[in-house]
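In order, the protein sequence lines correspond to chains A and B. My numbering puts the first residue of the first sequence at 170, with every later residue one more than the last. My numbering puts the first residue of the second sequence at 466, with every later residue one more than the last.
Just so you know, the hints here were simulated from the structure itself, not pulled from any lab data. Backbone N, C-alpha and C define an ideal beta-carbon position, used for all residues, glycine too. Hints may contain errors.
As the list claims (entries may be wrong) - Quick look at which bits of chain B chain A covers, simulated, 3 or more residues with Cβ under 8 Å:
hint : region
1    : 477 to 483
2    : 515 to 529
3    : 548 to 554
4    : 574 to 582
Said to hold, decoys possible - Think about it this way: if two alpha-carbon atoms lie no more than 30 Å apart in a straight line, the pair counts; the simulated DSSO-like pairs of lysine-lysine are:
hint : chain 1 : residue 1 : chain 2 : residue 2
5    : A       : Lys454    : A       : Lys191
6    : B       : Lys476    : A       : Lys174
7    : B       : Lys518    : A       : Lys282
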Amino acid sequence: MSSFKDSFSELLGNPPKRPDKKTFSIEVQEMHATKKFDKVRIQAIHDELAEAKKLPQTWRKRRWATLIFINLLFVVSFYFDISMLEGSLTASRFVGFHMADLNSALQVMLAYKHIVLNLVIGTVTIFIMWWLLGGRTFCSWVCPYHLVAELAEMVHEKLEAKGWVKDHPFDRRARTWFWVIFVILAVVSGYTVYETISPTGILSRALIYGPGLALIWVGLLLLFEIFYSRRAWCRYGCPIGLTYGLVGSISPLKVQYHLVDCLHEGECRSVCLVPHVLDTVIKGKAAGLDVDLGADCTRCGRCVEVCPTKSLTFKFKGFGDKL
Amino acid sequence: MAKPRLTRQQKARRQFLSSIGYTAAITGVALAGYIPVMAGNNRLRPPGALAEKEFLSSCIKCGQCVQVCPVEAIKLADITDGFGIGSPYIDARKQACDFSCDGLQCVLACPTGSLTHNIDYPAQTNMGVAKLKIPKLCLAVQGQGFKGKTRSGEDYNGILRFQEVSRWDPVPLADQEFDLEICDLCVRLCPIEIRANQCDEGKPPAGDESQCPPRAIRLVEFKGNNGVKRMKPEILDGCVGCGVCEMVCPTNPSAIVIEINTERGLGKNKWMPDASMVKTVKELK
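Pulled out of the complex, with its shape left as it was, chain B reads as follows (with noise of 0.2 Å):
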């Protein structure tokens, strides 16, 4: 069977039109990668992190904040996240940053900027703030204290750094053993209320008083149902929303979740340690 012969000119045509097709379909799916975007599908991003919108423009998709991080928190999206494919995000409940390496070796890292150069400590950072989601379920509240181990009946592989453990080695949370009268594992486990004890102990963080940081979360007493005096976490200044509170919780799911901040970023930061720290920023306004 002798299909229609085409002509030169009529073959050159056709490839050219096919070609026209073949740019706008890879041009679409690559569009397609806006969705996700618009959908406002935000993540946890690591310490650091411009405001989402400058975040995205500026990562590099290099994964190099993933490397350094010791206790592995920072993941990298797939391509369901569009845009945002190959950018870091933290899934706090899973594994928090815990700021076991001091020096915030994620910003170190980022040869983008991506994560801000113009930080220096954990307590500069904003990547969100706690809230007690589900009040009810959050032990405190509900007056009870806490034994034995937190998400340990859940297969859970976590790892936190427990000074008292070792300074340098993050260990399985769900190794450790806890008595607490009244559950406050969100207040006793916080990266930055840990700071601020050893700065009220006197001995601030690299004996650095510049260092010492705001407090972030505390228990406080409130009035319960029937007037019985209760316990509750009450989220501080401090709080950078670095996630541990929810990744210790032992509730299912987490009473005390993070509202991630998307409005973060360089100058944003709600603390400085000291004046020449605010005037770095402010120069860089």
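Chain A extracted, bound-state conformation (with noise of 0.2 Å):
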């Protein structure tokens, strides 16, 4: 089960695991030693990639289709008063069953120190459906956050590539640091200190029941990724990231990796929110001919849209090749 301890600890922000080649089996050493670069293929690729300008967004289309969907669902509901899913993303009633964010149920609960049995019902019911679906899909499937920083992100790369602003990467460990300092103010302070701040707790409501002054957070937020810190917050700081991709660790869903295709050209890295997740697509560090990629993989399909190769798949275990 290392695979799954290797994918923890770098969930929780240590480097990606160096894998021993020992433990390789001879069809993938062999893989590893017969691949050269073909360069000409690849810079066939490129060319084509260069020529078309615009990299293919079909899982990106069909992700945002089905983060504004939901949203709006939230949104219409209270406009006309249809029962359908009501509340915001911190906790709701879809046709009236409960339903509660993991974190914010986790926070109140922490600050109030009792257990709600609405919220238990609600984080059960959240947890299989994200654990069924992959833990951190709800990031980049469901977060408007997500949606909002992907536009700054693109800003920003926009910039970059004219020179005005370099990416600075935090300690991706950061995360793991907020996940447990909210944790101890809200058992301590007892108040759910982490959502005074949480840019997606803010924007479902601004969305749902209005704007706010919370939102010149969240525009700070944006700022600082587009000038500073390419997707800082996503990467290194929400705590709500770091819960899901807890759930998403034991998810049968996966995005897999397959090397027999695969010429290291490193597209899919370059596009990734979490690049460290991709770590084993590097020519040598494939530590099987598929290899699943680890728990804080949001599964937004970015990598398996922009792979020339089609190396990279979504993939439900457990149904071998039914699906």
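With the hints as a guide, bring both chains together as one complex.
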């Protein structure tokens, strides 16, 4: 179960483990040994990409449609008073069934120091749902901050290409520190301290109940991401992401890497929110012919759609090739 | 111009330190949310709200209470409330809770029990208590009546239920005509008084006698400055602090206001409709 341990340690912010080549199967060892960089083909791919100007967006379009649909469902439910999805992303009722964001529910129970039955029901529902769907899938497919941060990231990349801004990465362990700090603060202070700055909660409420001054905070975070550190909040800050990452660590839905056709030209790593999960695609690092990406992967599908050799695919484990 | 090249270790160290700075800065912003809470910026909370401290810790800031309120009395606090961000409150002067949902919908909607699930009726809530804050403004104290529409000059759009107009749909307050010899709007529109009156007429709310509440407000006689007999509102034990009196008061500012009860909450209800209810709350204590 070492791959699980590695994925977990990576989720907490440690650098990806260097795989021990001796443990590779003979088949994989041979594959690594005989693989040569096919420079002509890689060049052809790069030319083709340069000509197309835009990377493929199949999954991104589906994802944005889903994200907007879910958030609109909240808005429409309230606006037209149809009891479809009441509440906001911190807690809601879907046609009457309780749902509760795992991190918000955790904060409430730690601050309030009671086990609230409805929250238990809500968290179990949400846990099962996101376990099936991949954990951090919440981030890329539902969280409204992810969408605006993705747009901010496009701005950042444009400015970076012009040499006006530079990305300043942080230590990925910062997110784990945040998670622990906010757990401690909830217990000690008795308040849900994290909610004060949660851009997910703020944006969700702003969409449903109308905008407020809290949006200034969200705006500042976005400016920080555009001008200083690419995707700083989703990568190094958000405790919600870590909570869902923990769920995703045991999820059957993965993005899977296939060594056979990969040319290691690294398109996937340049578009990824969490490139450390793609460490395995670097030449010589894959420990098997098919490798599951780690728990931190948000299953956003960016790597799947941009991979020129289709070496990355969604995989629902346990169904074999039936899906 | 060549910048001094940093070694790998120096770079790693620099990144580590900046990451600590990042964490500290964001944590600092979050902790600044304690300031408004410490300053005791207390708000009128929806029916059934636990004592302020427990209320803020248990509220998950989802706004489900907002969605069910028929008079849209409940609003969510902004980031200026610090840790209270996203928590529900009522601005009684703008739109009070008139209990026109009857069944305490906000309480039923609350997923965390932040609005305690251990109450069933309006009269059991304990949001605060009304107070005649500026007696000299009060029309009754001045010996005046009230004719016309209350708060109509203010471009006011608050709504209330008037049973004789519609049982289900609240209507704009500023559309209602009154012609009163002595102004008693705070008494006649009080939702608790309306229920108590229904009981006296032998028609208790929902035909359930156990819902007959104690009286909340009445006009009493007092002797004015030069011995003139005048009337003034007197607040009674049954007042729950819903804020309708503050909302309907025709003076500007309102002569009568709600004093918020931050010690409200579980087991502190003023009144129990019957013995079985008392037992439930005792068991919970």
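We went through each hint and held it up to the structure:
1. Check result for the region 477 to 483 of chain B against chain A: holds, 3 residues qualifying (beta carbon to beta carbon below 8 Å, three or more required).
2. For the region 515 to 529 of chain B, the stated coverage by chain A is satisfied: 11 residues place a CB nearer than 8 Å to a CB of that chain, which reaches the threshold of 3.
3. Look at the region 548 to 554 of chain B against chain A: 3 of its residues bring a Cβ nearer than 8 Å to a Cβ of that chain, three or more, so the hint holds.
4. Check on the region 574 to 582 of chain B: 4 of its residues sit with their Cβ under 8 Å from a Cβ of chain A, so the three-residue criterion for coverage holds.
5. At roughly 12 Å between alpha-carbon atoms, A/Lys454 and A/Lys191 fall within 30 Å of each other, so this suggested pair holds.
6. The hinted pair formed by B/Lys476 and A/Lys174 meets the criterion: a straight-line CA distance of about 28 Å does not exceed 30 Å.
7. At most 30 Å may separate the alpha-carbon atoms for a hinted pair to count; B/Lys518 and A/Lys282 meet this at roughly 12 Å.
Hint compliance for this structure: no hint is broken.
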